[in-house]
Amino acid sequence: VVQRVNKLVSVVPLKNRYTGQVGDVIVGRVTEVGQKRWHMDVGSTQSAILMLSSVNLPGNVQRRRTHEDQLNMRALYAEGDLVSAEIHQFFHDGAMSLHTRSRKYGKLSHGILVQVPAVLMKRMKEHFHRLPDTGVDMLLGSNGFIWLSPTPPDSARAEEEEEG
Amino acid sequence: VEHGNTKIVASVYGPHACTMKSKEIHDRAFINCEVVMAPFASGDRKKRMRGDRQVGEVASMIRQTFESLLFTNLFPRSQIDITVEVLQADGPFRAQAINAVTLALIDAGLPVRDFLVACGVGYIDGHTLMDLNMLEDSARGPDMCLAYMPNTDKVITAYLEPKLPLEAFGPATELALEGCRQLYRQLQAAVLEHCTDLAAARGQISI
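Protein chains in written order, with our numbering: chain A, 92 to 255; chain B, 14 to 220.
Hints listed in this document are in silico derivations from the structure and should not be mistaken for laboratory results. Hints should not be assumed to be uniformly reliable.
[Unchecked claim] With a straight-line cut-off of 20 Å between C-alpha atoms, the simulated SDA-like cross-links for lysine to any residue are:
| no. | chain 1 | residue 1 | chain 2 | residue 2 |
| --- | --- | --- | --- | --- |
| 1 | A | LYS106 | B | LEU190 |
| 2 | A | LYS106 | B | THR96 |
| 3 | A | LYS106 | B | LYS36 |
| 4 | A | LYS106 | B | ASP210 |
| 5 | B | LYS36 | A | ASP132 |
| 6 | B | LYS34 | A | ALA186 |
| 7 | A | LYS106 | B | ASP94 |
| 8 | B | LYS167 | A | THR122 |
| 9 | B | LYS34 | A | LYS106 |
The whole structure should be built from the sequences, with the hints applied where relevant.
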């Protein structure tokens, strides 16, 4: 498909591997635990990298990562885990560098992953959605990985109390 | 692709992260090609082993052909898997396999320099024949396959086995190129139709 904006002509393919932009929220699956980094599959041309320095340590401690942290990487995220993260920057060969430096990112559990072609995902401000009547939380990753999980009952009750 | 009685399924997976780190090339994509012939594909049912040399030759030919066609430097350190499954082979299937892979690459959204069309030509008893089938192939005459880029007017791959008399080479090449041009028109129309349907369904264009 050819798009023209003033003098800029771009040919956008109809089907594509995911090419992200800095700031996109995505869901990835850990494929490998390496030296001070995790390699993740995000449906792109290369594995995305999650550096040890870009994750929050358990307990929210802020300190330099020690050798022990390196050895305990598997305790945080092991192979096969699903993690929600944000794109931090790109390496010059095109690989993505992710970070989970926020309370809303991290390991995903108790839910279902749905994979759709990344081209179909629209760019939106809000990635975390709560479907009101069905009790389902939805995380729309920009790479086409959608995470559905049940709404935690206490937060649902808290919202009801707010409204009521 | 269904080319007369020859039926071939080509699928492209990628580009994705390399499965084997040793094969990673730091500035290009690595193309992995596999050709599988179903046991019921040719006249007599024969289950082929994985390392079949004839089929492996077709695979390496496809890989070399598409290495020059794809923009591999756009995908450093990744891997593109091309799988060709021959369901029914009516004579030599090299040309049909190349056509199928071209369509699969375009469907996968991979940037290619140009369409690649291939046509097979044979020479029996002084007559040049286009697009041999199994009966004509069993005459064991020369079999030439030409892979041609129509828009840039270049031949990427030519495969000939066994020997062709020199005076017949010119007309055989001409016939192959003519066949390629005809095929190109049909393939181009099919791709355009498919893409138009897809884009219209997504609301990107209006018909």
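Please flag the earlier hints that this structure goes against, numbers listed from lowest up.
Violated: hints 1, 3, 8 and 9.
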